[in-house]
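Student: Residues per chain, in single letters:
Number of protein chains: 2
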Amino acid sequence: MNEKITSVVDFSKGNGLITAIAQDAETGEILMVANMNEQSLAKTIELGEAVYWSRSRQKLWHKGEESGNTQKVRDLYLDCDGDALLLKVEQIGGAACHTGKRSCFFRKLDRDSVTDVGVQVFDPKEVYKQ
Amino acid sequence: MNEKITSVVDFSKGNGLITAIAQDAETGEILMVANMNEQSLAKTIELGEAVYWSRSRQKLWHKGEESGNTQKVRDLYLDCDGDALLLKVEQIGGAACHTGKRSCFFRKLDRDSVTDVGVQVFDPKEVYKQ
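Those protein sequences? They're chains A and B, same order as listed.
With positions in the first sequence counted from 1, the corresponding number in our numbering is that position plus 9.
With positions in the second sequence counted from 1, the corresponding number in our numbering is that position plus 9.
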């Protein structure tokens, strides 16, 4: 990874991780939030597709490697203190969430209720065949 | 905080914290990302304004309490695994970043360059008088 990039991204505050937000480049919809380490950011830049770091599996997670729903990265933006990254992406397949919904942020919270407002794009049972 | 809310938000994975993303409700622009603990989420819902948890200062951070640039919360969305929150907000004063820029995500990363593409709204020296 180019030294100009590594010099501005701060992995130290998050124990080697930064927050990565994926936003639909066309609609502005927030699709998901995940983490990246230095290796996954380098891979994201190299491939032009989102590669996160899975905290639960402790390994690189090339988004869509199983479902085919990759995220083509159009633009990358770093925040003021260098520990959060915004990815403007083209979401292949139209859905980012493992539930088959377009966005992971499908639960609307109100004072006394939680409502599912998600747009179902695919059936996860069909896509993630075990 | 209503038990329906507390039952779906998962503070355990992030040592008591969730990730909170503020998005301009009108334009869809991502303004900033910060953290919330249970107390700050309860306060956010109570006030209808964004209240984060400052990790560096280890205290509640009512966004805009000093600058006046509060964030009026229009809607709240929780992600699929309950550890990230999306706030659709009206950004009072037009700028979310302590640098006086509209968004904290003002550094565009390319393979070999970092470019400031931010929109300067106010002069931080004027706003944060010490």
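I should point out that these hints are in silico values taken from the structure, not numbers from a laboratory.
Treat the hints with caution; some may be incorrect.
For chains that are exact copies, the list does not tell them apart, and a pair is met inside one copy or across any two.
[As the list claims (entries may be wrong)] Dumping the calculated BS3-like pairs for lysine-lysine here, alpha-carbon to alpha-carbon at most 27 Å:
id: 1; residue 1: K117; residue 2: K13
id: 2; residue 1: K97; residue 2: K81
id: 3; residue 1: K138; residue 2: K13
id: 4; residue 1: K13; residue 2: K52
id: 5; residue 1: K97; residue 2: K117
id: 6; residue 1: K81; residue 2: K13
id: 7; residue 1: K13; residue 2: K68
id: 8; residue 1: K81; residue 2: K52
id: 9; residue 1: K68; residue 2: K138
Student: If a hint holds in the structure, say so; if it doesn't, say that too.
Tutor: Checked hints:
no.: 1; hint: K117 to K13; verdict: between (39 Å within a copy, 12 Å between copies)
no.: 2; hint: K97 to K81; verdict: both (8 Å within a copy, 25 Å between copies)
no.: 3; hint: K138 to K13; verdict: neither (42 Å within a copy, 32 Å between copies)
no.: 4; hint: K13 to K52; verdict: within (16 Å within a copy, 40 Å between copies)
no.: 5; hint: K97 to K117; verdict: both (23 Å within a copy, 11 Å between copies)
no.: 6; hint: K81 to K13; verdict: within (22 Å within a copy, 36 Å between copies)
no.: 7; hint: K13 to K68; verdict: within (25 Å within a copy, 33 Å between copies)
no.: 8; hint: K81 to K52; verdict: within (13 Å within a copy, 37 Å between copies)
no.: 9; hint: K68 to K138; verdict: within (21 Å within a copy, 45 Å between copies)
Consistency with the previously given hints fails for number 3 only.
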